[in-house]
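Given next are the chains, with one letter for each unit.
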Amino acid sequence: MAEMTKTEVTTTVTVADLVPGDPSALVAVKRAVNSQGIARHITQRISIRSAELARRLFAEVQRGDEVTLTLTTVWADDDYETELSDFALPLNLEDAARKKSLASL
Amino acid sequence: MPRTAKDLHDYINHPSTLLPEQKAVEEAVETIRLSHEKGGSTFSLYFGDAAQQKLYAVSIYPDRAALVPGKPIPATLLKTFVRANDALLQDPRNAVGTWYNREEDATYLDVTTLLIARADAAVLAEQYNQIAIYDLARQAEIIAGGTGVELKGLPPLRERLPILRRGKQRKHNG
Chain A
730 MAEMTKTEVT TTVTVADLVP GDPSALVAVK RAVNSQGIAR HITQRISIRS
780 AELARRLFAE VQRGDEVTLT LTTVWADDDY ETELSDFALP LNLEDAARKK
830 SLASL
Chain B
23 MPRTAKDLHD YINHPSTLLP EQKAVEEAVE TIRLSHEKGG STFSLYFGDA
73 AQQKLYAVSI YPDRAALVPG KPIPATLLKT FVRANDALLQ DPRNAVGTWY
123 NREEDATYLD VTTLLIARAD AAVLAEQYNQ IAIYDLARQA EIIAGGTGVE
173 LKGLPPLRER LPILRRGKQR KHNG
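Top line first, the protein sequences correspond to chains A and B.
For the first sequence, our numbering puts the final residue at 834, and the numbers step up evenly by one.
For the second sequence, our numbering puts the final residue at 196, and the numbers step up evenly by one.
Chain A on its own, in the form it takes in the complex (with noise of 0.2 Å):
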């Protein structure tokens, strides 16, 4: 059987949309700061495969929120896949999606 590694890094992004489907999908964007202090836009679209995780966090984050995402890759020899294992919002946008959560019940 291949040799297979799994990364896992936690990172704060803005989100971009939210892509329903099967598995539905995130795009996040980071405006990420490099060791020479030069920012960069870098946008990557996250599959998110547990129907769980994704129902909730459509009822929770909208397009423009920032949010903290884990994301888990699995490495093979010669092929790779990213997928959404949790995500975290900040403090202020909880209580927000908490609101909107109740509202939509």
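No wet-lab data here; the hints were simulated from the structure.
Keep in mind that a hint or two might mislead.
Capping the alpha-carbon separation at 27 Å, the derived lysine-lysine pairs in DSSO-like fashion look like this [unchecked claim]:
| no. | chain 1 | residue 1 | chain 2 | residue 2 |
| --- | --- | --- | --- | --- |
| 1 | B | K76 | B | K60 |
| 2 | B | K76 | A | K735 |
| 3 | B | K60 | A | K735 |
Use these hints to put chain B onto chain A, whose structure you have.
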């Protein structure tokens, strides 16, 4: 006897030139890892390190971007990245891009498209609703005005680039 193009400008502007042989994956990975120590790198499998060349980078494959922890990129992960994106990297306009995010101590890997004319880069960025293009010579971002919202009916990966047209480029206004 056709000669081998020395860089992407040469290849595009002189249709009689040939593409160089692609670098072997191991050689590419070592060069990328070294270049990345500066904080980011752009590497063409045909022409090598594109740092500070008069080229404009646009990212139209956000679905191929990956984020790895730390600044040094493990060779095994980079090899996987290069192999996994081999089909895209066959196009001489596509390159491996790396960018270190010092705030979170993590490194982005992506497949980035290189254009020799800023106006062409701006058109491509607009077409794919990208936020910015990157000027490799000036090492600075140019805001393109997009939002990052995904296009409806995004083409398959291998159909996103326009057909490569070679020959002297028309001058663009503005």
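Hints versus structure:
1. Restraint check for K76/B and K60/B: the C-alpha separation of about 18 Å stays at or below 27 Å, so the hint holds.
2. A threshold of 27 Å between alpha carbons decides the hint, and for K76/B with K735/A the separation of about 37 Å lies outside it, so the pair is violated.
3. For a cut-off of 27 Å, the pair hint linking K60/B to K735/A stands: about 26 Å separates their Cα positions.
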